[in-house]
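Chemist: Protein sequence lines, in the order shown, are assigned to chains A and B. Quick note: the first sequence uses our numbering, first residue 43, plus one each step. Quick note: the second sequence uses our numbering, first residue 43, plus one each step.
Be a bit skeptical, because a hint or two may be false.
Identical chains blur together in the list; that is why a pair holds if it fits in one copy or across any two.
[Claimed, not checked] Pairs of lysine-lysine, DSS-like flavour, derived with a Cα cap of 25 Å:
(1) Lys537 with Lys479
(2) Lys433 with Lys162
(3) Lys480 with Lys433
(4) Lys154 with Lys471
Note that these hints are calculated values from the structure, not bench results.
There are 2 protein chains.
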Amino acid sequence: MADWRGERKARDARIEAGRAHANGKVVPAGDAVALLEAVLKPGDRVCLEGDNQKQADCLARALSQCDPGKVHGLHMVQSGIVLPEHLDVFETGIAERLDYSYSGPQGARVAKMLYGGQIKLGAVHTYLELFARYFIDLTPHVALIAGVSADREGNLYTGPNTEDTPTIVEATHFKNGVVVAQVNEIVDKVPRVDIPGDRVDFVVEADTPFFVEPLFTRDPAAMTETQILIAMMAIKGIYAEYGVRRLNHGIGFGTAAIELLLPTYGEKLGLKGEIATHFALNPHPTLIPAIESGWVRQVHCFGSEVGMDRYIRERPDVFFTGADGSLRSNRALCQTAGLYACDMFIGATLQIDLMGHSSTVTQSRVAGFGGAPNMGSDPHGRRHPSDPWMKAGREAQIVGDPALMRGRKLVVQLVETFGDKLVPTFVEKLDAMELAKKIGLELAPVMIYADDVTHIVTEEGIANLLLCRDADDREQAIRGVAGYTEIGRGRDRAKVEELRARGIIRRPEDLGIEPLDADRSLLAARSIKDLVHWSGGLYEPPARFRNW
Amino acid sequence: MADWRGERKARDARIEAGRAHANGKVVPAGDAVALLEAVLKPGDRVCLEGDNQKQADCLARALSQCDPGKVHGLHMVQSGIVLPEHLDVFETGIAERLDYSYSGPQGARVAKMLYGGQIKLGAVHTYLELFARYFIDLTPHVALIAGVSADREGNLYTGPNTEDTPTIVEATHFKNGVVVAQVNEIVDKVPRVDIPGDRVDFVVEADTPFFVEPLFTRDPAAMTETQILIAMMAIKGIYAEYGVRRLNHGIGFGTAAIELLLPTYGEKLGLKGEIATHFALNPHPTLIPAIESGWVRQVHCFGSEVGMDRYIRERPDVFFTGADGSLRSNRALCQTAGLYACDMFIGATLQIDLMGHSSTVTQSRVAGFGGAPNMGSDPHGRRHPSDPWMKAGREAQIVGDPALMRGRKLVVQLVETFGDKLVPTFVEKLDAMELAKKIGLELAPVMIYADDVTHIVTEEGIANLLLCRDADDREQAIRGVAGYTEIGRGRDRAKVEELRARGIIRRPEDLGIEPLDADRSLLAARSIKDLVHWSGGLYEPPARFRNW
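Could you build the full structure based on these sequences and the hints that come with them?
Modeler: Here it is, written out as structure tokens:
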């Protein structure tokens, strides 16, 4: 007769073994290695919480210190490969297989280890896609997560950085897995219950607070006039044109510039209340002036941002917060909101090819794309109309029954024709393709596919790909905004003028924008200090951004 | 100076007003009307929990009994319009605007009230899409939800039917909303904490347990040989052909037949372990034989199904369950799993047109599509390869760089050429289009758009739309499996034979299937009683399915 409780019994046995190192559920940091050696089995699928922002770093260190004779062959399934320890475990054999989403700072080392065969790669997912697999075929046996505080029953307070935690815990706990949380402190009563205690098996009191990276802070002082010009074109030629109210901003200076132009340039255009009112977005410090000027109605967040806690606490009408006053973020739900409830995704990229495929992957780095491919895709499952979405759909419709008209998500790439170190953004072939071949990826690491991109904005103008009717239109539209790059110089001038006449390419002058007006004086804040001032002293930037 | 706490203060005032009718958080059923009149304001966005299965019926009755002089102009934002009370409130003026997903039993009345102008419709969403909007522009001011039990602190046990509750509560509570839960009983300690008490403001002890509909139960006794033939073709021609392991089954007899053929026909084909191992699926009773025969590794559920509780409790290695032993379902996460972690969606529809657009909407009903448009769409944001997905992608690829190859989700429609009352399934024009015109819908209620469907299976054969290279291929592929309907009779016979030679149309004989073998004796269970027997007596069918 089949044993239908094999997994359940194994879980009970793991917990039993772990209890030897615990006082109730509580484990001192010094015993974390022993705890992990007790609960982990070779070959386990393990989620070591490495989010976009917060890191379960104490547990990462403990895992890397386990005896590879006891703990080996693990299959790591986690959003972020961010800390050195996330890769160290692959060098010692503690871990063997990897499925992940994002590895910003470790991208080069990931590429090397893949090439060297030290990591067996499953795939580089979007966040939401990896979360989805937690419930189907990548369910963790053990989750190692991070919180701010816990009580002795294991009730967990994750504070502003809730992020991935509820999703990881739900997949692990309810499918016979073991949940180990590191917390900054054990308290009698948590300020609010982000994770109910009956889902948490062990609580490790960490020696230091968990690590958080201020990933979304952009210093206005570093913003260039080119970025300001691009931002002006985006506001007038896209936000206003389509009436985009619900949106997500990607990471980078381009969208940060837009945020800082809303209360100045946007105000002058009379757009307040008409655009950019509802966001799926992390609490970008550069959003403060727009919030303070009454532009922003509501922001739901994936995670938090270092230094924004006091500000958010004082703006509960704008942000999602708990009874304790601090932000409640949730990456899975915010990614879902970005996918299905936003009319536009606007972000940056490193390379765009002649068809419009784009990628941030370079020849030596496997960085992953986080949430961009999810939010920067046109969801066919959407069934609610909105003005911007329907207008984009009408522009895209080539043939077919008008009664079957549907909308399109706006997916906008903001780029300068030449990026850092004057490397051209526009290329014949993405570096991503070369890398895929070299390390044998089954799927080329394209961030956003050509058929999802609707607009490309550079300092030379806006290319509206929705209005392109064939491959030649499209190629010349892209060449037509590619400036002095080789791709740009290869344009067919007559065709580009035709595209301009058709409104597919729009130059600053076509939009009534004088490039000389793109001045830093237009920025609502020109420094981090200005942002602090806008916030009434509530924004507390991390030390490395304090240059006054 | 701006007030950044207006919403927060309004929430506090609502709770304060509600407290007058409560003992702590607990409110007797008899005071529910008074409570709602105290916490609701005219024009509020309200989520009255109406899920795919469970219904907050006690609160629905209370809302419908409120004084329209006090409570009026509400904007209802909820998954299901299922109970009469969900529409009664629009007749009295208590509610005015509606955004929803599914209205199976009330579809005809919704259509009438839309036509009569009694309901101002926002849109008919998919579940996940509506949840997404809860965090962006349809955040509820008040949520009226349902649970099994609660303690006096408001900690909530939702039991097997957790469904939409965590998502509704997260959106409402953390954005200054008020959460009112009806529960079957107040207890000293809940069996597990599905919703932490600090997110629940009021608990109403309902006079009767909340209503749950056995929506996913299909009686094997009603299964026809045509359905069995279609199921055999799907298993051999699609499941086996693509090696589909991760999938979602829609509602209906077609997929129920597949479930019952896995342990018999599937076993004979040697497919055990090769197909249908991981599901995003409600606990269909017809899945029991496949589970008992060791076919199914894991099932994550949107909701539960009446009568399946004891069975699930004894199969914790297959289902997601809590420490209390019962199912933990979660519609938002399971829909996400269906979207991003499954390689196939297979379901039924009522009408298919010549391009392949399909709908379950008829001329007199606005039923909504629940989760089908979401799971039955090709998600462009997916970035992980799998064999079935890549094979489908290769079949679909017409032109372009092979290095840019990506996969495709399999989206399969299982239909008989003639449906109930011999109404043809294949039509020139969907009834949905007529309805959209009549009641002025901005978007035609198409369930799955033509560009997402990959296969249509009828008793005449399989049409593989991935392999079609132009509109004519596609039209004739559809006509070629449309049997004796007018659409089928309008086929170009030579073209259809050409499509058959190209493998685009496959007849039973092309698959090595003898239609005479499609016999009810192939079903692993031929009655509800057989299912009870397979379950070792653990499945407890509701009375209306007990016919022995």
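Chemist: Next step is simple, just say for each hint if it's right about the structure.
Modeler: Hints, one by one, checked against the model:
For a Cα distance limit of 25 Å, the shortest separation of Lys537 from Lys479 qualifies neither inside one copy, at 35 Å, nor across copies, at 40 Å. With identical chains, the CA atoms of Lys433 and Lys162 are at most 25 Å apart between copies only, with a shortest distance of 22 Å across copies and 45 Å within one. Proximity of Lys480 to Lys433 under the C-alpha cut-off of 25 Å is restricted to the inter-copy arrangement: shortest distance 22 Å between copies versus 42 Å within a copy. Taking the closest pair of Cα atoms, Lys154 and Lys471 come within 25 Å of each other only inside a single copy of the chain (22 Å); across copies the shortest separation is 56 Å, beyond that limit.
Of the hints listed earlier, the one the structure fails to meet is number 1.
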